[in-house]
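*Asks:* Chains A and B, in that order, are what the protein sequence lines are. Read in order, the letters of the first sequence are residues -7 to 316 in this note's numbering. Read in order, the letters of the second sequence are residues -7 to 316 in this note's numbering.
Straight-line distance between alpha carbons at most 27 Å, and here's what the computed DSS-like set of lysine-lysine pairs gives:
(1) K259/A - K299/B
(2) K300/A - K290/A
(3) K258/A - K300/B
(4) K290/A - K250/B
(5) K202/A - K235/A
(6) K299/A - K259/B
(7) K299/B - K(-1)/A
(8) K258/B - K290/A
(9) K217/B - K258/B
(10) K259/A - K290/B
(11) K258/B - K300/A
(12) K232/A - K202/A
(13) K259/B - K290/A
(14) K258/A - K290/B
(15) K235/B - K250/B
(16) K235/B - K202/B
(17) K258/B - K299/A
(18) K300/A - K(-4)/B
(19) K299/A - K250/B
(20) K202/A - K231/A
(21) K299/A - K(-4)/B
(22) K(-1)/A - K300/B
(23) K299/B - K258/A
(24) K290/B - K250/A
Below, a sample of chain A positions facing chain B; criterion: calculated Cβ distance under 7 Å:
(25) Y34
(26) G38
(27) P49
(28) E151
(29) L262
(30) A265
(31) L266
(32) I270
(33) G271
(34) M275
(35) S301
(36) V304
(37) A306
Each pair of labels, with its calculated beta carbon distance range:
(38) E308/A - K250/B: 31 to 41 Å
(39) P23/A - K259/B: 23 to 33 Å
(40) E212/B - K290/A: 33 to 43 Å
Derived by calculation from the structure, the hints in this document are not laboratory data. Think of the CB as a built atom: it goes at the ideal place given N, C-alpha and C, for glycine as much as any other residue.
There are 2 protein chains.
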Amino acid sequence: MTAKLEKLVAGLRRGEPASVGRAISVLEDRPELADRLMEMLYPLSGNATVIGVTGSPGAGKSTLVDRLAFDLASNGRKVGIIAVDPSSPFTGGAVLGDRVRMNSATAAPAGAGQIFIRSMATRGALGGIAPTTSDAIVALDAAGFDVVIVETVGVGQAEVEIVRTCDTAIVVLVPGMGDTVQALKAGIMEIADIFVINKADHDGADRLDKEVRSVIALVEDPNGKRWVPPIVQTVATEKKGIKELASEISKHREWAAKSGALEQRKKTFLGDALTRKIGEQLMQRFRGQADYEVWMEKGISELAARKKSPSVIAAEILSFLDRD
Amino acid sequence: MTAKLEKLVAGLRRGEPASVGRAISVLEDRPELADRLMEMLYPLSGNATVIGVTGSPGAGKSTLVDRLAFDLASNGRKVGIIAVDPSSPFTGGAVLGDRVRMNSATAAPAGAGQIFIRSMATRGALGGIAPTTSDAIVALDAAGFDVVIVETVGVGQAEVEIVRTCDTAIVVLVPGMGDTVQALKAGIMEIADIFVINKADHDGADRLDKEVRSVIALVEDPNGKRWVPPIVQTVATEKKGIKELASEISKHREWAAKSGALEQRKKTFLGDALTRKIGEQLMQRFRGQADYEVWMEKGISELAARKKSPSVIAAEILSFLDRD
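Excised from the complex, chain A in its bound form (with noise of 0.2 Å):
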């Protein structure tokens, strides 16, 4: 098996798209083997930056992506982009997102940086969305992708979760839709690194940037130690505003390398990681006793018939299993 995942890895160094894209489905779908290759792919990993893209449904988010990635690959940069979408079974939401966009982003300017694109239905297993996608970006990172972009096609607490650790976090506004309202109440105001007003030539565009204004001045900090997140207008569709944005980008990732913002972001990530993984591993082996599948099935007939809380049953079956 290992041999088998050095060649993949091997392709995946190299570059070539069909590795890459094995590697993925690796870590989405082989739980047994994706330990083993994130072993060989985390050393390779930590180079390249990570923007994050997220906003209301219909906000033009593929479409803006596209252009951002076209954009970094004219200037030589290799561009991952990932299209984190709900699991979705029934529907092949991820098919239908590849088959959507897959021509217009892979044709990248001849002899300029590669593009490759990814959607990611997670099928709603074991780890969520946010693990996922997280080794997702590292199996990018290790194939030498310069940038990779993730953008959440859902807008909730996992996707906005998944943004936030990006080293920058780009939130898409349009006019028209009382977005800013909707995007305060999903609480995704809070995490923007920068804005974009999408749509700009629609109506409304300017009150919609001047509510954004008086949102950001709300946490404007007056020693002006804290990154203030600037807004960009752009009509992605005739790529307008898309070089604005790429040089926001640059100038965010420059701040926070510099402030130690970048620094703070990706430990916390890590710590979080790392976590995740302990907790994964003590259910694994908690899963693994005998009486494991017994006291779970007693436990749910406990509560279905209310007896007794979830915590109390909990406690129960550890204290029980500990014994062995």
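Here the structure of chain A is known, so what remains is to put chain B in place on it, guided by the hints.
*Replies:* Here is chain B on its own, set in the frame of chain A:
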């Protein structure tokens, strides 16, 4: 402490809104008391019907839920609403939600059942949104609410998971926003027990209806054993279609109880809750060990230096701390 909690539970049993609110706050913010409170509430719960509502931002979910609650209350039922807001320390999302809505929904018809609304801003805490929401459902259930409506503000993996575990899952779509494709992408079509097309007086409602029907046709069961989600057209702002929606909810509930689907769903949900608690307690114990902090610090440094992968470091920490 227990005496205080007993007083709180007594108030909650009398249906006092202040006590219900305080109980939910304890479950949200006071982990050291939450387990004990859940122990007291759990045996009192298990009677409420739980309805989940999701759909893209701007679909008019809040208004729809308000109208539905009002209709149910008019028929003498006590209704509790939980609006699931992703974490927002900065904007105070929950406060916003409460303020915007309290007016309409609390003005329940005289002599009718009570309506209680609560926004949950879970501040990205330990367990995340899902566990806190299910605890809050237990609290409302124990307080004697006949119906608990859970409405998500965000649309992501965590939110879809919450709605999926409710007795009846409602997906709200609106015409003219490319909503079917967005919903497909977000993986929410598959969880619907009932589809609502809100703002059905807008252009494109019939086309949307057709699109949804074609999606439903994909999963229709020739043997007629599976539930086929009905489509209800509503104009929530004008209270149109609300009675039809209430009636479809009853029909689904009846079918689910008779077919055994409800019991199956509850079992899965309880199993997940129990597993989660076991995981939490295992982790808690582990965190309590003397050298935990030291080992974590060391592990994060190794990760940052990309020496080893998270799973390798996790295994090392586990094996070391086990030796004690």
